[in-house]
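S.K.: Quick note, the sequences are listed as chains E and G, same order. If you count by numbering that gives the first Met the number 0, then the first sequence holds residues 0 to 191, one letter each, in order. If you count by numbering that gives the first Met the number 0, then the second sequence holds residues 0 to 191, one letter each, in order.
Please note that the accuracy of each hint is not assured.
When chains are identical, the list treats them as one kind, so a pair holds in a single copy or across two.
Stated by the list, open to error - Capping the alpha-carbon separation at 30 Å, the derived lysine-lysine pairs in BS3-like fashion look like this: (1) Lys39 x Lys6; (2) Lys12 x Lys82; (3) Lys80 x Lys12; (4) Lys6 x Lys82; (5) Lys1 x Lys72; (6) Lys80 x Lys1; (7) Lys80 x Lys111; (8) Lys140 x Lys1; (9) Lys39 x Lys82; (10) Lys111 x Lys12; (11) Lys80 x Lys20; (12) Lys80 x Lys110; (13) Lys96 x Lys80; (14) Lys72 x Lys6; (15) Lys111 x Lys72; (16) Lys39 x Lys111.
The set of hints was computed from the structure by calculation and includes no laboratory data.
Protein chains: 2
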Amino acid sequence: MKLLEEKILQDGKVINGDVLKVDSFLNHQMDPQLFEEMAKEWQRLFEGCGINKILTIEASGIGIACIAGLVMKCPVVFAKKSKTSNTPEDSFSATVKSFTRGTVNDIYVSKKYLSPDDVILIIDDFMATGEASKGMVQIVKLAGARLAGIGIAVEKAFQPGGDELRAAGIRVESLARIREMSSENGIEFCED
Amino acid sequence: MKLLEEKILQDGKVINGDVLKVDSFLNHQMDPQLFEEMAKEWQRLFEGCGINKILTIEASGIGIACIAGLVMKCPVVFAKKSKTSNTPEDSFSATVKSFTRGTVNDIYVSKKYLSPDDVILIIDDFMATGEASKGMVQIVKLAGARLAGIGIAVEKAFQPGGDELRAAGIRVESLARIREMSSENGIEFCED
Chain E
0 MKLLEEKILQ
10 DGKVINGDVL
20 KVDSFLNHQM
30 DPQLFEEMAK
40 EWQRLFEGCG
50 INKILTIEAS
60 GIGIACIAGL
70 VMKCPVVFAK
80 KSKTSNTPED
90 SFSATVKSFT
100 RGTVNDIYVS
110 KKYLSPDDVI
120 LIIDDFMATG
130 EASKGMVQIV
140 KLAGARLAGI
150 GIAVEKAFQP
160 GGDELRAAGI
170 RVESLARIRE
180 MSSENGIEFC
190 ED
Chain G
0 MKLLEEKILQ
10 DGKVINGDVL
20 KVDSFLNHQM
30 DPQLFEEMAK
40 EWQRLFEGCG
50 INKILTIEAS
60 GIGIACIAGL
70 VMKCPVVFAK
80 KSKTSNTPED
90 SFSATVKSFT
100 RGTVNDIYVS
110 KKYLSPDDVI
120 LIIDDFMATG
130 EASKGMVQIV
140 KLAGARLAGI
150 GIAVEKAFQP
160 GGDELRAAGI
170 RVESLARIRE
180 MSSENGIEFC
190 ED
């Protein structure tokens with residue numbers, strides 16, 4: 000998606016070789032007008048798939064997912080990273096490794112909000128090793144729901160997550176796919 | 000706001016006397032169409048205030064704030080509950096007590112995204128003791144920005160947060176104000 004790629008080139012910063020800072024418009028300060036254009040693109044890509052619910056994960060997925068839900072006229076559920084007053088029996092859960100933080104966390108979705116009748120679009124801001132998406136895919140399976148696919152804002156295509164999910168037969172639509180990046184040479188996107 | 004009050008009466012549940020569960024449409028599953036109506040109401044209430052930025056806090060404030068930003072055509076910044084790769088010198092921070100969880104946490108906003116030129120609307124899903132809002136007010140002050148006010152979805156008006164902030168001269172616009180609630184007698188809203 001040209002608009003997002005241009006925004007990344009204009010405002011994104013590569014630090015320490017493999018960290019892309021896009022916190023001026025994506026995951027700290029957020030640009031809702033840009034999110035609406037991204038949502039329209041996912042709507043176009045997944046048209047006719049019968050999506051009736053969006054699943055994302057706190058925190059930085061919530062903004063884009065909510066605006067996608069507004070555009071696609073469906074509710075949004077976010078997976079939580081800590082248990083709340085719900086008991087485990089009330090929730091679907093999956094384990095998510097974070098390679099950047101070196102942590103392992105369980106994520107939770109209340110059983111009330113996912114069912115076998117649902118056709119789910121997973122939305123998230125970033126994909127690198129794909130652990131968060133894999134955890135959400137696992138939760139969709141546990142719920143017996145159907146997965147239409149995954150919509151990602153920025154995929155680090157030089158990391159394995161996206162290709163592993165595609166190899167597993169899951170449709171992944173990333174609006175910007177970074178082929179390589181470095182502090183010296185900047186950012187190069189995959190050709191369509 | 001009648002629409003939100005009706006939704007709370009229809010789908011909200013009072014548990015353990017003082018916990019209002021609205022996770023079917025507000026803070027786990029989210030209803031973006033309802034959020035859009037709420038955003039329009041805040042837009043109406045704060046019209047002419049010159050708001051150019053919305054501040055919220057992760058996680059459950061992000062959805063309503065993003066849709067408010069879309070409606071009010073301004074960027075949204077969310078305060079983070081943990082330090083990221085930014086050093087403290089890069090961030091405004093404030094301390095927030097959570098009475099429900101019995102914890103004390105610092106919240107952070109990058110100095111890049113708040114400035115003395117900004118006129119800020121703080122948005123959050125809930126207000127009880129008001130600690131999260133007070134932390135965000137503190138951050139707006141540290142940035143030297145102007146605070147237009149605070150927009151809250153659900154205020155527990157029987158807890159002191161909202162009135163304390165109003166007594167400090169801050170405009171607080173809560174779309175549903177709960178006067179009292181109990182598992183036995185249900186939910187009563189404040190009269191306008």
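S.K.: Which of the listed hints are broken here?
M.R.: Violated hints (numbers, rising): 6, 8, 9; every other hint is consistent with the structure.
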